Amino acid sequence: MKLNRIFIKGLLFDNPVFIQLLGMCPVLAVTNTAENSLFMGMATTAVLLGSNIVISLLKKFIPTKIRIPIFIVVIATFVTIVGMVLNAYFPAIHANLGIFIPLIVVNCLILARAESFASKSSTVGSVVDGLGMGIGFTIALFVLGSVREVLGYGTFYNIALFGDGFQPATIMAMPPGAFLALGLLMGLFNKIISKNVNEL
Amino acid sequence: MKDMLKMGLILLAFTAVSGMILGLTNDVTQGIIQERLEEENIQAIAGLLPEAEDFNNLEDEAILQRDLIVEVYEGQKEDETVGYTVRANPIGYGGRVVVITGISVDGEILGVEIAAQSETPGLGDKITDNEYLDQYVGKSTEEELVTTKGGETGEKYINAITGATVSSEAVTDGVNAARALYEEVLKSR
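Protein chains in written order, with this note's numbering: chain F, 1 to 200; chain B, 1001 to 1189.
Honestly, the hints are just simulated from the structure, not real lab data.
The structure displayed is predicted, hence computed values, not measured ones.
Check the hints yourself; a few may be wrong.
Said to hold, decoys possible - With a Cα cut of at most 27 Å, we get these calculated DSSO-like pairs of lysine-lysine:
#1 F:K59 - B:K1002
#2 B:K1156 - B:K1187
#3 F:K191 - F:K2
#4 B:K1126 - B:K1149
#5 B:K1187 - B:K1077
#6 F:K60 - B:K1077
#7 F:K2 - F:K65
#8 F:K65 - B:K1002
#9 F:K120 - F:K9
#10 F:K65 - F:K191
#11 F:K59 - F:K2
#12 F:K60 - B:K1006
#13 F:K120 - B:K1006
#14 F:K59 - F:K195
#15 F:K9 - F:K59
#16 F:K9 - F:K60
#17 F:K191 - F:K9
#18 F:K59 - B:K1006
#19 F:K60 - F:K2
#20 B:K1156 - B:K1126
#21 F:K65 - B:K1006
As the list claims (entries may be wrong) - Which residues of chain B face chain F? A few of them, derived with a C-beta cut under 8 Å, are:
#22 M1007
#23 A1016
#24 S1018
#25 T1029
#26 I1032
#27 N1089
Just so you know, even glycine gets a beta-carbon here, dropped at the ideal spot from N, CA and C.
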């Protein structure tokens, strides 16, 4: 498979959020503002990229029988590093994302890519796959977070959009709002994609 | 059997390398994190006791064994105590709420700050707004504060945030714990 195809697949046609519905826990839980979503997406991308590289490099040394525990060890290592780095250099983001940083370990997107792609492909391909899937995940989270922040708080990236008279729809900032926004965005995304899928 | 041993050793190799990498990362980041936490703590309590220049952590057993009390600092200016900051952790709607209360030596609440909370966004998290917290400023430590849903006015009443009574009560609990500590222990020091 050509590299640009791998990238576009992760970004659009196999988008982890809108098409594959992977990693729903952070998608629903931390997308209440655009900023949180962006950093969650970037943290996940960093972990995905790291685990894809390591697993594709070491695939010859990983016995099939114990591949899952090894994948988890590799993923958990990267997640812990990301957590420590965020805590040291981006404390505000670390405080906002809280428990959802360690929970990246169980984000099934990362394990799915390790199992179905990195353990069978070249390192270059795995890097491209990690970037495509990671950026696809980040964009999906950012769009979802933006919609929820605008409706739920009346702000975008902490900048007030409307006057004082605006009454924010608090439900959009709470868990039910995540389901509502995700469902509607998913419908929209699939409508657009299904029109263009034949052109590729 | 041989296979099992081999698998175990491979897994051991992976976890050992992982442990080493994490140890190194921790060495780099731990100092920065510790420093920042201490700095943040001093900054938060300095905002509540603007007069004080030095802060001493009081590690008295009689203080730390009390309910909800986590940490108490004594603020001093030219070796004289000007007030205390009390960190308490009452239970709110979504877990513990960390409330820091600044109390002057004459028993006046100088300020209240929320150091950490996980209350409902848009409702309970309004306890961090100054609009709400300013209600505590200037209250006396002599009387127990009471959260009200509206109506009652008076020195001891704090108006709860609409739709977030539990969160409001948590803050009041924290302030009350600090207030009682001042009245019963700190005042007679």
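Hint check:
no.	hint	verdict
1	F:K59 - B:K1002	holds, 21 Å
2	B:K1156 - B:K1187	holds, 20 Å
3	F:K191 - F:K2	holds, 26 Å
4	B:K1126 - B:K1149	holds, 15 Å
5	B:K1187 - B:K1077	holds, 17 Å
6	F:K60 - B:K1077	violated, 67 Å
7	F:K2 - F:K65	violated, 30 Å
8	F:K65 - B:K1002	holds, 14 Å
9	F:K120 - F:K9	holds, 17 Å
10	F:K65 - F:K191	violated, 41 Å
11	F:K59 - F:K2	holds, 21 Å
12	F:K60 - B:K1006	holds, 15 Å
13	F:K120 - B:K1006	holds, 22 Å
14	F:K59 - F:K195	violated, 38 Å
15	F:K9 - F:K59	holds, 23 Å
16	F:K9 - F:K60	holds, 26 Å
17	F:K191 - F:K9	holds, 17 Å
18	F:K59 - B:K1006	holds, 16 Å
19	F:K60 - F:K2	holds, 23 Å
20	B:K1156 - B:K1126	holds, 21 Å
21	F:K65 - B:K1006	holds, 11 Å
22	M1007	holds, 5 Å
23	A1016	violated, 10 Å
24	S1018	holds, 4 Å
25	T1029	holds, 4 Å
26	I1032	holds, 4 Å
27	N1089	violated, 16 Å
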